[in-house]
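Residue numbers (the working numbering), protein chains in the order written: chain A, 992 to 1323; chain B, 992 to 1323.
These are computed hints drawn from the structure, not numbers from a lab.
Check each hint, because a few of them may be wrong.
No distinction is drawn between identical chains; accordingly, a pair holds when it is met within one copy or between any pair of copies.
Said to hold, decoys possible - Listed below are the simulated DSSO-like cross-link pairs for lysine-lysine, each with C-alpha atoms no more than 30 Å apart in a straight line:
1. Lys1188 with Lys1297
2. Lys1148 with Lys1252
3. Lys1097 with Lys1148
4. Lys1096 with Lys1233
5. Lys1097 with Lys1040
6. Lys1148 with Lys1022
7. Lys1148 with Lys1087
8. Lys1020 with Lys1148
Fair warning: this is a prediction, and the values are worked out from it, not measured in the lab.
Protein chains: 2
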Amino acid sequence: MNITDGNRFKKIYDSQRIKLEVRISELFKDKEPVSLYEPCSFIIQSGGKRLRPLLVLIAARAVGGRFRDAQDAAVAVELLHNFTLVHDDIMDNAEKRRGRPTLHKKYDLNAAILAGDNLLGAAYEFLLKGCHEKDKNILATFTRGLIEVCEGQSLDKEFETRDSVLIDEYLVMIQKKTAALFETCCSIGAQIGNGSKAEVKALTGFGRSLGMAFQLQDDLLDIMAEEAELGKMIGGDLIEGKKTFLFLKALQLAEKPEDKKALQNVIDNKGIQKEEIDAYRDIYRRLNVIEETEKEINRYTLLALKEINKLKNAEFKAMLEWLANWLLGRNK
Amino acid sequence: MNITDGNRFKKIYDSQRIKLEVRISELFKDKEPVSLYEPCSFIIQSGGKRLRPLLVLIAARAVGGRFRDAQDAAVAVELLHNFTLVHDDIMDNAEKRRGRPTLHKKYDLNAAILAGDNLLGAAYEFLLKGCHEKDKNILATFTRGLIEVCEGQSLDKEFETRDSVLIDEYLVMIQKKTAALFETCCSIGAQIGNGSKAEVKALTGFGRSLGMAFQLQDDLLDIMAEEAELGKMIGGDLIEGKKTFLFLKALQLAEKPEDKKALQNVIDNKGIQKEEIDAYRDIYRRLNVIEETEKEINRYTLLALKEINKLKNAEFKAMLEWLANWLLGRNK
Chain A
992 MNITDGNRFK
1002 KIYDSQRIKL
1012 EVRISELFKD
1022 KEPVSLYEPC
1032 SFIIQSGGKR
1042 LRPLLVLIAA
1052 RAVGGRFRDA
1062 QDAAVAVELL
1072 HNFTLVHDDI
1082 MDNAEKRRGR
1092 PTLHKKYDLN
1102 AAILAGDNLL
1112 GAAYEFLLKG
1122 CHEKDKNILA
1132 TFTRGLIEVC
1142 EGQSLDKEFE
1152 TRDSVLIDEY
1162 LVMIQKKTAA
1172 LFETCCSIGA
1182 QIGNGSKAEV
1192 KALTGFGRSL
1202 GMAFQLQDDL
1212 LDIMAEEAEL
1222 GKMIGGDLIE
1232 GKKTFLFLKA
1242 LQLAEKPEDK
1252 KALQNVIDNK
1262 GIQKEEIDAY
1272 RDIYRRLNVI
1282 EETEKEINRY
1292 TLLALKEINK
1302 LKNAEFKAML
1312 EWLANWLLGR
1322 NK
Chain B
992 MNITDGNRFK
1002 KIYDSQRIKL
1012 EVRISELFKD
1022 KEPVSLYEPC
1032 SFIIQSGGKR
1042 LRPLLVLIAA
1052 RAVGGRFRDA
1062 QDAAVAVELL
1072 HNFTLVHDDI
1082 MDNAEKRRGR
1092 PTLHKKYDLN
1102 AAILAGDNLL
1112 GAAYEFLLKG
1122 CHEKDKNILA
1132 TFTRGLIEVC
1142 EGQSLDKEFE
1152 TRDSVLIDEY
1162 LVMIQKKTAA
1172 LFETCCSIGA
1182 QIGNGSKAEV
1192 KALTGFGRSL
1202 GMAFQLQDDL
1212 LDIMAEEAEL
1222 GKMIGGDLIE
1232 GKKTFLFLKA
1242 LQLAEKPEDK
1252 KALQNVIDNK
1262 GIQKEEIDAY
1272 RDIYRRLNVI
1282 EETEKEINRY
1292 TLLALKEINK
1302 LKNAEFKAML
1312 EWLANWLLGR
1322 NK
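In isolation and in its complexed conformation, chain A is listed as follows:
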């Protein structure tokens, strides 16, 4: 892919994104009760890449559909995504999200639970606008996505309190927690775009592998990014005692007794203190965990690209490739 392609795709992304932002800014305008819709507005208007709606839109185009037919579904997946963010932030005791306070901190727990539930209701309303006879499959795909996200988040919380987690178990967890929604986006878009069975399958597979790469990159950024760019505290995963890919890989590779002990401390104490983050970053570096994670991210990205190899629409196949590469280079 050359630079001109990248510029063109960035333009398409930007123009679709503006349309999306306009629709999103109008979503909960002047709705009552304010105590419900203000938190909904606050979270949905807090920015973010709008990656998931973009996947819906490109997937629809990639199989010959039109942007405009997929725009309601695009809003729907963004709403679904924000629903998961709000509830996950409660469960993770997160203080910040995209550089702003999380809903349960800015408002309270009740407001956050309800805003999440309502975002989900709104998601379905939008999904219903955008589809006709194919309702059933599209809605079933969407629902499966929702249930997998719940299952994944449940495993994630479960792993925090478990003494040992296998890397394979971790991969199943992020497949559900993160990749399932990427998969859902691509599948829904492809279905709305009237893709063939093979096309829907290819895009679904692309979404899943891309989602895996995305979550691994997320684990990596949590410890390696700059706090100002990430918009939340660095090392939050270690502080919460989360068994990320990096942590599990470190456990696997550690040989020196002091490294083993330091890692075991995270498990025993269910997390670390903020002051200890630098020390753990050094352990990760020393054990080559950073490179191992990057290798895994690349592996999933290549898997994703392989899936869409046979897509006929060269333009949007190239745009999906651009997207995958763009995510690889992200810093937040």
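Start from chain A and add chain B according to the hints.
Quick look at chain B alone, frame taken from chain A:
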């Protein structure tokens, strides 16, 4: 309606209920992660009248449809209802539900939030099984129900902290919080049963008024029922400082300074102590609030019955009447 009718309807109810219980008992069997599905099983198998699924089933029959076509949608509304219970119990700090601990008490907050979300996902999965081309309207009805429940619950929490609430505002709140789902049940059933527009409208109106009567009865039982029968603490609404119909009516009718002061205390202190419940029950009695509430319940019940007056199916029209009267006489 004579006693034989009542017996026959009770038999129909019992036999449909057994089928429903069997399906419900299998809903989350052997599903993983256990940390997600065990709480889901616990709440959905904690009994209850299964009133909402029954509404779906009868509404379908009342317009000429078959029970079996509405059974998936019946499971769906019960799942949706349980989703709201789990999240509402968190927001209300409720300790008990149907005589058992609430999910956030038995497990923890995270498990309860997620179980609720997942019950909702499961609800959609079932709804999708049960419908075909009419998907869009049915799903839109269902979604509207979900959003109204969120709005109602949000108003309910908002009212707790507001100094004054009008009775009309209260009625709007319970229309959303409770009646909307009753309305949804009847509407979905009628749509699945291929009812005419007029039939769907009549059953929707029936559901709404029945739901209003149900919630008012709920407010009444909260202070007048026996604790063992109710399965939760008596007077919980007053303890939480909820502005129920009874409370707002008492405020309206109070003339003596000591009554006014006692009621104002509930507002100022955002609730009362357990030991004070008997004193407030006496105030309610003295002010005729109990009778006023019963009058309002009867008014809504009559409105509900009027709506279905023109239904052609005499048998299931009679069963809906039986149901409404049965709810009037309930003690939990």
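Broken hints, by number = Checked against the structure, no hint fails, so every one of them is satisfied.
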